[in-house]
Amino acid sequence: MSIEMSQVEHVAELARLQLSREELERLSTQLGRILTYMEEVNAADTGGVPGTASVVGDANVLREDEVQPSLSQDQALSNAPEAVDGLFQVPQIISDR
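Numbering (the numbering used here), first residue to last: 123 to 219.
Simulated from the structure, these hints should not be mistaken for lab results.
Pair ranges (Cβ atoms, derived):
#1 128 to 161: 17 to 23 angstroms
#2 136 to 176: 28 to 34 angstroms
#3 177 to 153: 24 to 30 angstroms
#4 186 to 166: 34 to 40 angstroms
#5 175 to 198: 34 to 40 angstroms
#6 160 to 199: 46 to 52 angstroms
#7 174 to 144: 38 to 44 angstroms
Don't be surprised by glycine CBs; every beta carbon is placed ideally from N, CA and C.
Using the sequences and the hints given, assemble the complete structure.
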């Protein structure tokens, strides 16, 4: 399936991407291939396949929580550029308005 350059430009604009003509052409080809593949996937007969909300069903595949040894506070902070009162010190990025 082909995709028009104007469609690729529109998607790039929506995503706030500034792309060169070469990048737009490459993306047009790549998106066309993706859409062609999706058409093939959509053509697959799934009539006999029951719908599911999860591929693992109701099975809980998570392990049980177990207490395990971990780093001490001193070990965790040992490579920090700055630590204050046992906490990581980071630059303030939000003003105190």
